[in-house]
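Asks: Listed below are the residues making up each chain.
2 protein chains.
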Amino acid sequence: MNEKGLEAKLDAAVDPAEMGRWLQQLASEPNHVGSPHDKANADWMAAQFKAFGWDTKIETFYALYPTPISESLELVAGPGAPHKATLTEAPIPGDQPTYTKDALPAYVAYQGDGDVTAPVVYANYGMPEDYLALEKMGVSVKGKIVIARYGGGWRGLKPLLAQMHGAVGAIIYSDPKDDGYATDEVYPKGPQRPPQGFQRGSVADMPIYPGDPLTPGVGATKDAKRLDRKDAKVILKIPCLPIGYGDAQVLLAALDGPVAPANFRGSLPITYHVGGGEAAKIHLAVKSDWSLKPLYDVIATLKGSDEPNDWIVRGNHHDGWVMGASDPLSGMIAELAEAKAMGALVKSGWKPKRTIVYASWDGEEPGLLGSTEWAETHAEELKAKAVVYINSDGNGRGFFRAEGSHAFQHFVNEVSADVKDPETGVSVRDRARARLAVGMSEGGGGGGGNRGANQSPQAKAAANDPSKDIPLGPLGSGSDYSTFLQHLGLPSIDFGYGGEGESGGVYHSLYDDFQHHSRFVDPGFVYDATLARTVGRAVMRLADADLPVQRYADFADTVSTYLDEVKKLADTTRDEARTQARLLAGNAYALASDPTKTHVNPVALAQSPTYDFKPLEAAVAKLKTSAAAFDGALASKGAGLSKAQKVKLDNVVRPLDQSMLRPEGLPGRPWYMNMVYAPGRFTGYGAKTLPGVREAIEERRFDDARKYIGITAQALDAYAAELDKATAVVNGG
Amino acid sequence: MNEKGLEAKLDAAVDPAEMGRWLQQLASEPNHVGSPHDKANADWMAAQFKAFGWDTKIETFYALYPTPISESLELVAGPGAPHKATLTEAPIPGDQPTYTKDALPAYVAYQGDGDVTAPVVYANYGMPEDYLALEKMGVSVKGKIVIARYGGGWRGLKPLLAQMHGAVGAIIYSDPKDDGYATDEVYPKGPQRPPQGFQRGSVADMPIYPGDPLTPGVGATKDAKRLDRKDAKVILKIPCLPIGYGDAQVLLAALDGPVAPANFRGSLPITYHVGGGEAAKIHLAVKSDWSLKPLYDVIATLKGSDEPNDWIVRGNHHDGWVMGASDPLSGMIAELAEAKAMGALVKSGWKPKRTIVYASWDGEEPGLLGSTEWAETHAEELKAKAVVYINSDGNGRGFFRAEGSHAFQHFVNEVSADVKDPETGVSVRDRARARLAVGMSEGGGGGGGNRGANQSPQAKAAANDPSKDIPLGPLGSGSDYSTFLQHLGLPSIDFGYGGEGESGGVYHSLYDDFQHHSRFVDPGFVYDATLARTVGRAVMRLADADLPVQRYADFADTVSTYLDEVKKLADTTRDEARTQARLLAGNAYALASDPTKTHVNPVALAQSPTYDFKPLEAAVAKLKTSAAAFDGALASKGAGLSKAQKVKLDNVVRPLDQSMLRPEGLPGRPWYMNMVYAPGRFTGYGAKTLPGVREAIEERRFDDARKYIGITAQALDAYAAELDKATAVVNGG
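These protein sequence lines map, in sequence, to chains A and B. Numbering-wise, numbering that gives the first Met the number 0 puts 662 at position 663 of the first sequence, and it's gapless, one number per residue. Numbering-wise, numbering that gives the first Met the number 0 puts 280 at position 281 of the second sequence, and it's gapless, one number per residue.
Read the hints as simulated data drawn from the structure, not as lab findings. There's no promise every hint is true.
When chains are identical, the list treats them as one kind, so a pair holds in a single copy or across two.
In silico lysine to aspartate or glutamate, EDC-like type, Cα no more than 20 Å apart, as pairs [what the hints assert, rightly or not]: (1) K135 <-> E441; (2) K83 <-> E128; (3) K647 <-> E73; (4) K188 <-> D94; (5) K623 <-> D305; (6) K286 <-> E73; (7) K596 <-> E184; (8) K236 <-> E616; (9) K613 <-> E2; (10) K224 <-> E58; (11) K49 <-> E663; (12) K642 <-> E499; (13) K3 <-> E379; (14) K346 <-> D177; (15) K642 <-> E58; (16) K706 <-> E501; (17) K647 <-> E380; (18) K623 <-> E128; (19) K613 <-> E441; (20) K567 <-> E441; (21) K642 <-> D255; (22) K596 <-> E6; (23) K636 <-> E501.
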């Protein structure tokens with residue numbers, strides 16, 4: 000059977016109704032790490048994979064995973080005091096009856112236990128620029144409890160930045176402007192977060208390293224060497240709790256101090272003040288059980304016929320914060336549907352040429368635990384065998400999106416061009432392109448396309464020209480691809496649908512349940528099924544591909560765009576410091592401020608040097624030349640290669656992206672070794688490309704910037720050299 | 000005494016404490032057109048001017064000015080019904096006891112009486128782009144009542160656009176996001192609008208013509224020829240009322256239909272829906288007394304010694320919507336303080352060379368009635384004699400700002416460089432420049448400088464270089480300069496302070512009273528006094544100037560910037576239509592929308608032509624040359640001119656700006672004859688420069704655009720020709 004025929008069978012085999020039944024089963028009870036249902040789900044899925052015909056095992060790891068023993072959050076002084084925050088979520092009448100059994104209370108993983116009573120400062124999103132705004136108002140968080148709203152950057156940065164600024168505790172709440180009634184009716188009337196709903200999550204300092212805090216760089220097997228907890232840099236020192244906006248309104252209304260600037264204001268019916276005074280005080284206490292907990296990774300394999308040592312690895316996690324219906328189980332049921340369909344194809348005679356490895360990760364929510372520990376344990380084997388890592392996570396109704404390694408950009412476009420959008424009947428790529436084009440026409444691409452690539456010249460070109468590939472966004476973090484891409488240097492792709500049926504309003508709350516997913520996020524599970532048809536197609540094509548699917552010119556062009564951005568950033572950063580110096584010299588900040596309010600001048604920025612970008616410019620130029628040579632050679636001669644040449648080519652191309660790794664790693668976080676893709680140190684999930692250079696310029700670490708211009712150029716040079724080897728193979732070498 | 004000595008006397012004579020007493024007196028009772036205290040204030044001020052030594056009279060006009068007889072606004076069907084809106088404002092305990100006596104209820108002048116019951120649509124700010132958004136959602140306002148929030152554009156456009164789209168009634172409310180608790184604590188705890196406070200105002204279609212609706216173009220004297228009311232195009236046809244957000248919350252919460260897009264959402268604690276369904280209905284009824292009411296303009300004159308037929312005209316209005324403390328009386332007391340100081344200078348021997356005419360206008364609030372009727376009545380004399388019209392209006396603590404005719408830009412900079420800011424001790428110009436510079440460094444100049452000029456190349460230059468003049472913004476409308484500048488072609492300047500003590504939260508409400516102004520807007524009346532020192536200085540310098548103060552290169556350079564903007568607009572408009580055609584052809588709008596929600600494709604835009612801008616380009620080039628020639632000649636030879644030559648020069652320069660007028664007027668609104676400055680047809684207060692061309696391009700009236708390129712070029716050519724005559728005089732002609 001040809002590939003098209005196989006894919007038609009895949010499409011037909013994916014059964015949304017069955018996926019709905021799986022979802023109901025998997026999401027029937029709380030399934031966070033260490034819960035009874037987490038283990039039960041792993042066992043059940045392992046049995047399913049086996050039944051589908053896959054060689055299946057459960058690999059178990061043991062990670063530090065704190066769970067709350069006691070916690071308390073109370074306004075003890077100020078208007079409205081005393082007021083105790085409700086730290087559990089009430090079930091919705093009519094939703095599943097077993098709801099609250101085993102459910103975790105309000106809680107963020109890897110906060111630092113403590114018991115503090117202190118005045119309060121409202122720090123908006125709690126991001127670096129918010130602290131600059133507070134400093135301007137003369138408001139310090141030192142010795143205080145910071146309350147910040149969700150949004151504007153990754154959750155874990157909020158308590159971390161509070162701690163770095165001297166706060167003794169942190170509270171994170173969901174403001175109805177971003178996540179509540181302002182966006183739509185609240186659950187159960189509508190999909191959005193009700194006042195009592197709060198967002199759990201991890202606050203480990205994952206931009207340093209993800210995975211088990213006690214075993215960075217190695218697998219958390221039973222007998223692994225472990226750090227002392229006090230030496231694990233990724234664990235927060237101050238206590239932190241999340242709350243809903245019902246409680247947050249009482250706390251925020253008690254604050255005095257300056258009126259919050261316009262960009263600090265949410266949609267609560269109050270005047271937002273930044274606080275800082277002694278009038279309002281909060282008591283915050285958290286105590287956790289810091290024992291190791293087991294992680295159950297389900298690993299299922301379909302062995303390849305031709306190249307069994309070439310692995311196509313694909314994963315989705317199975318642990319949720321409570322029931323986890325949308326996040327992560329909507330993606331998990333897609334993976335199961337793919338596995339069932341491929342199993343059936345095998346039974347009817349198909350054999351993938353390469354080995355397919357399907358993983359269902361545990362412990363993603365607290366810190367990518369299951370995927371990281373597995374990848375660290377099997378690092379050498381993966382580096383030798385893995386062709387690509389393909390990921391999915393929570394899914395919903397709407398538009399196709401993909402982010403990932405840019406050599407796979409054309410491949411992703413080909414796959415998505417062949418998947419039909421269930422709502423419109425056009426291909427999911429055509430629909431994504433329409434969204435990109437309309438978003439751009441409405442002002443800059445905010446409305447569509449793949450995350451992080453909407454503003455690029457490539458995106459503009461693709462929006463206007465259906466013959467062009469839609470660019471991939473770069474991967475930052477936030478799901479299980481991180482270790483594969485950023486620690487092992489394996490090419491990775493993350494797939495998903497969304498933008499219409501939104502699970503954001505119940506994200507990491509009790510209300511992310513089967514009813515919510517099936518009513519609001521993906522009625523009929525049609526987009527969960529479409530995800531299975533998309534990823535299944537990608538996996539099967541990669542498993543059976545005769546020649547490399549990569550197009551390295553796409554990677555080279557994208558890196559060239561990143562270099563342009565970084566050079567522009569250097570100019571902007573330099574201009575900023577100059578402008579600021581001029582304004583400080585002229586006393587302009589003070590003159591422009593209201594003398595009846597406290598004003599503090601900004602701290603003077605160091606004047607940036609001009610950087611010598613030549614090494615990087617030369618490396619990018621070489622990369623472009625080498626990429627064009629390889630792509631050209633493969634296109635013209637690939638089909639004529641002998642079996643032996645193809646194997647030889649495969650062995651050069653498969654590990655090629657690992658040349659982006661440098662053993663130094665990134666400044667201050669050596670676990671991250673990829674010199675092109677990383678999660679931002681101070682964005683958390685958001686990607687920073689050419690991160691060694693870009694972040695050094697942003698953070699005015701001038702020596703690091705100079706150093707990483709060189710190191711990054713070395714990585715790109717190594718990449719180009721590997722490409723040249725591959726080209727030589729194609730050319731008969 | 001030299002001018003500096005005179006100005007020191009002016010500064011010393013301005014007494015903030017006395018101004019505060021005047022304010023308390025003037026704002027002691029409601030003083031809208033037709034109220035007893037309006038007349039009493041006119042009489043009292045006339046007596047003051049006389050006592051100061053000015054030749055004073057009251058000129059009375061008779062304008063159509065409707066006042067409400069009965070009105071009602073009730074939610075009659077839907078959740079929360081029945082709910083009657085409160086159409087009066089409760090006094091604040093401790094504020095003036097006479098408060099509610101004579102106060103107008105919720106009311107907008109020149110709405111159309113009516114009695115309607117209909118479903119409701121929430122139209123955001125009720126601006127043109129909001130109707131496009133509603134159309135996209137498939138929501139029509141035809142036969143419905145539109146509720147729109149204040150902000151985003153001039154009040155009067157909201158019911159007008161509702162009417163143009165087929166609505167049968169309109170409601171305007173103040174959302175707490177823009178004007179209420181979100182911005183600061185509400186009155187009396189803080190300065191902002193309380194839930195029961197509403198904004199009265201005019202909804203006459205003033206972009207067609209301001210002044211008495213029955214006497215466009217002529218003075219509304221007792222015996223003037225008047226239109227039939229039904230023929231007065233500026234009067235609305237549908238009923239309209241303003242309400243506070245306390246009531247608006249009940250009405251908006253009753254709406255169903257699509258969830259409002261993000262930019263429609265205010266800060267009420269509800270999910271904003273756009274409505275349109277049959278479930279919620281409102282009964283809206285207004286009946287007015289449409290009789291003529293008297294207007295009392297106080298006109299006071301200090302006759303010039305050398306050039307009695309050269310007039311420096313300066314005005315501020317005296318009518319408010321209720322007590323009118325900040326708007327307009329804070330500016331009025333500045334004018335009185337100037338008049339008293341100048342009167343004292345005259346008594347001690349000073350004689351202004353030119354005649355100074357001080358006006359206290361009535362009826363500004365309903366539609367610039369008093370200033371327009373006076374200016375239309377005295378049009379010929381003004382065109383013959385007036386050098387400049389200088390205006391002020393409500394004033395507050397903060398930053399200097401000025402807008403006006405650009406030949407006076409350098410003059411305004413010189414004046415503001417010599418006025419000391421009471422809070423910081425630097426000149427008010429240095430402080431304005433600091434604000435401009437900081438605003439620009441924080442992203443685009445939003446934070447400071449003169450309205451409407453913050454983004455210009457001139458503003459960027461001035462922010463970075465203290466030797467450069469801060470540019471003036473252009474005048475649109477919203478206060479009494481309109482008729483002088485836009486109908487008579489007289490150069491005009493509007494002065495004010497603000498940005499710290501804000502009266503916005505009580506704007507046009509009962510709470511704009513003496514207590515509010517003295518607590519929140521300008522404690523100690525120091526900025527009201529600074530306004531007197533600023534405008535008084537400007538008037539005295541203009542009255543005594545030996546040579547023209549104008550610098551025409553500033554005008555020419557500014558017009559050149561406007562032409563650049565218009566050319567760019569033509570490109571943008573063309574690109575928009577092309578992009579839209581491409582997206583429509585590819586069905587992109589439909590594909591990018593959620594199929595579970597109603598989606599309607601946008602109406603296809605006409606494809607814009609390329610315009611031949613050569614006539615305008617040539618006119619601007621000529622204008623620049625002529626302006627440079629005049630400025631150069633005056634600088635080098637001005638001091639050496641004989642008395643006779645100076646008089647001759649004066650007679651050429653004084654009427655020069657009238658060459659910007661063209662008898663055709665603007666398309667569809669011939670009353671507006673200035674081809675450089677106009678209020679926008681669909682911005683209301685906001686200025687549109689080169690309006691004949693700019694608005695035609697924006698509104699895709701391609702023939703008008705072509706025609707007004709020529710007409711505007713003729714106006715600029717005429718201007719340059721007059722400049723050349725003036726240059727010839729300086730050069731000894």
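Asks: With reference to the structure, classify each hint as holding or not holding.
Replies: Going through the hints against the structure:
no. : hint          : in the structure
1   : K135 <-> E441 : between (34 Å within a copy, 13 Å between copies)
2   : K83 <-> E128  : neither (31 Å within a copy, 45 Å between copies)
3   : K647 <-> E73  : neither (66 Å within a copy, 81 Å between copies)
4   : K188 <-> D94  : within (13 Å within a copy, 45 Å between copies)
5   : K623 <-> D305 : neither (32 Å within a copy, 79 Å between copies)
6   : K286 <-> E73  : within (15 Å within a copy, 54 Å between copies)
7   : K596 <-> E184 : between (38 Å within a copy, 15 Å between copies)
8   : K236 <-> E616 : neither (42 Å within a copy, 66 Å between copies)
9   : K613 <-> E2   : neither (46 Å within a copy, 62 Å between copies)
10  : K224 <-> E58  : within (18 Å within a copy, 96 Å between copies)
11  : K49 <-> E663  : neither (42 Å within a copy, 86 Å between copies)
12  : K642 <-> E499 : neither (46 Å within a copy, 78 Å between copies)
13  : K3 <-> E379   : neither (34 Å within a copy, 85 Å between copies)
14  : K346 <-> D177 : neither (49 Å within a copy, 65 Å between copies)
15  : K642 <-> E58  : neither (36 Å within a copy, 103 Å between copies)
16  : K706 <-> E501 : neither (43 Å within a copy, 51 Å between copies)
17  : K647 <-> E380 : within (18 Å within a copy, 96 Å between copies)
18  : K623 <-> E128 : neither (37 Å within a copy, 45 Å between copies)
19  : K613 <-> E441 : neither (37 Å within a copy, 31 Å between copies)
20  : K567 <-> E441 : between (25 Å within a copy, 18 Å between copies)
21  : K642 <-> D255 : neither (75 Å within a copy, 66 Å between copies)
22  : K596 <-> E6   : neither (67 Å within a copy, 32 Å between copies)
23  : K636 <-> E501 : neither (46 Å within a copy, 74 Å between copies)
Checked against the numbered hints given earlier, the structure breaks hints 2, 3, 5, 8, 9, 11, 12, 13, 14, 15, 16, 18, 19, 21, 22, 23 and satisfies all the rest.
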